[in-house]
Every structure is written in C-alpha cells, then in structure tokens.
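Go ahead and model the full structure; you've got the sequences and the hints to work with.
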Amino acid sequence: MGLSGAFEVYGGQVSVDLGRLEPGVAPVPLQLRVQSTRRYRISVQSLHNGNLRLGDSNWTVPYQVSVGDRTFTLTGGATEHLFGSGNGYRRESLPLSFIVGPTNERRAGSYSDVVSIAVAPQ
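Number 55 in the working numbering belongs to position 67 of the sequence shown; there are no gaps in the numbering.
Be aware that a few hints might be false.
Stated by the list, open to error - Pair ranges (Cβ atoms, derived):
| hint | residue 1 | residue 2 | range |
| --- | --- | --- | --- |
| 1 | Ser45 | Glu80 | 19 to 27 Å |
| 2 | Pro83 | Glu(-4) | 17 to 25 Å |
| 3 | Ser(-8) | Ala108 | 35 to 43 Å |
| 4 | Val102 | Arg58 | 18 to 26 Å |
| 5 | Leu35 | Arg95 | 18 to 26 Å |
Simulated from the structure, these hints should not be mistaken for lab results. In this text, a Cβ means the ideal position worked out from N, Cα and C, and glycines have one as well.
Right, dumping it as structure tokens:
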C-alpha cells in the first residue's frame, strides 16, 4: 500500500492539509496505491469518529472518506469495503477523497483528526 499526491510526512506519519474547510469534496489530489493478486479489504478508522476537531475543544466538523467509488462513514469504529477482482496480479491507484460536512457556525481555527487506513487480503 502506498499514497501519492498532495501530502507531507512528519515523524513517520502522513499529513494532509485540506485547506479552507468548505462543505463537499476537499480539493486535495490523493491516490491510494494497492498491489494485489486477489480481492482485498480496505478499512478506514478515525480517532474522532469522523469529526475534524479544533484542538482539545468540542468544536467539530463532520467528514467522510471515499476510496475509489466507496464511501467510508467513520462514526462508531472502522468501516470496511472489499476491492479487487482476484484475477492475478493487479496494481490499482484508487482516488482518496475527504468529504467535508457542514462548516457553518463553526469557530475558525485548525481542525484535525487521525485517520488509519489498512489493506488486508480477503
């Protein structure tokens, strides 16, 4: 598994800047790269259950993640979807997007979350 596009690495962790938070798909070009010889499962989990959080405050902005044509709702633990055909060796570059929810009446500042993405054989 790999990542390509607009991201930086700090201390071994990937950091993605979503820019100014506006409702809808954040304009950040990202691709999740997967190599596989069979079907595989992608799971996505959010530390703050699908909410970008302003520091240690209670101010949040909800969001979802999409990989390829599948959307991962991040509330209540990890969400999984199956990918791939299982017909021999394949390299896939799947679009990775962040879908930002309502931002009206939110305090200005730097919102963040920690997202974990795992790929495993079916």
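Here's how the hints hold up against the structure:
1. Ser45 to Glu80: 19 to 27 Å: violated (38 Å)
2. Pro83 to Glu(-4): 17 to 25 Å: Because 19 Å falls inside the window, the suggested range holds.
3. Ser(-8) to Ala108: 35 to 43 Å: violated (21 Å)
4. Val102 to Arg58: 18 to 26 Å: Taking Cβ atoms as reference, Val102 and Arg58 lie about 21 Å apart, which means the hint holds.
5. Leu35 to Arg95: 18 to 26 Å: At 20 Å between Cβs, range holds.
The structure does not agree with the numbered hints 1, 3 stated previously, though it agrees with the rest.
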